[in-house]
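Which chain is which? The protein sequence lines are A and B, in order.
With the working numbering applied, the first sequence covers 4 to 117.
With the working numbering applied, the second sequence covers 18 to 133.
Don't read these hints as lab results, they were simulated from the structure.
Any given hint could turn out to be false.
Stated by the list, open to error - Subject to a maximum C-alpha distance of 30 angstroms in a straight line, what follows is the list of computed DSBU-like cross-link-like pairs (lysine-lysine):
1. A/LYS74 to B/LYS26
2. A/LYS60 to A/LYS74
3. B/LYS26 to B/LYS88
4. B/LYS74 to A/LYS71
5. A/LYS25 to B/LYS88
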Amino acid sequence: GENVEQHPSTLSVQEGDSAVIKCTYSDSASNYFPWYKQELGKRPQLIIDIRSNVGEKKDQRIAVTLNKTAKHFSLHITETQPEDSAVYFCAASSFSGSARQLTFGSGTQLTVLP
Amino acid sequence: NAGVTQTPKFRVLKTGQSMTLLCAQDMNHEYMYWYRQDPGMGLRLIHYSVGEGTTAKGEVPDGYNVSRLKKQNFLLGLESAAPSQTSVYFCASSYSGPGGFYNEQFFGPGTRLTVL
């Protein structure tokens, strides 16, 4: 099955700096790569996603890049703010059993220091 | 729309007790999922359903059973709870988009379960 590795597990940045989180996946047939943000005690919420036919996608301060050849994708947050502090999860969608499923990375705790 | 809801929010069980977690969605989604979240391990899929009356095993199905008698509801059962099942449980739902692509999963608020 699919295996997703996420790095780093913790990341601290100064407010205003950029943050980058990287994920690798194993199944070359994976075709959808979402990123979720989870604040303490809350549910995961989708912040951006990318499909395999696109190399890059941007939404204001957040961008995601995908390199299908190397099987890795990254989340970029620019001009970080304290409210960006949360756990971020990457995921990859692959076909297993009777449907496509999401396999999640282990998460990155991002702390934005004021 | 309420989106995805879960009942209960918190529960404490003793080893060997049973319980059922309820997930409901009002978005007419075909797919529903149960995950467990443990510290440092992300979200792991327990069971999922691709439609009313269907269920399938995910990555960590042992010790759990599920049922999807109605399209909007997905139940997760623990027949004999064990301390290893202490976790936060999330339900999610999604629809199957065009071309076989996998669309956004919408998560419920979670159930924090402690097994003593």
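Unsatisfied constraints (hint numbers, rising): When the structure is compared with the hints, numbers 1 and 5 turn out to be violated.
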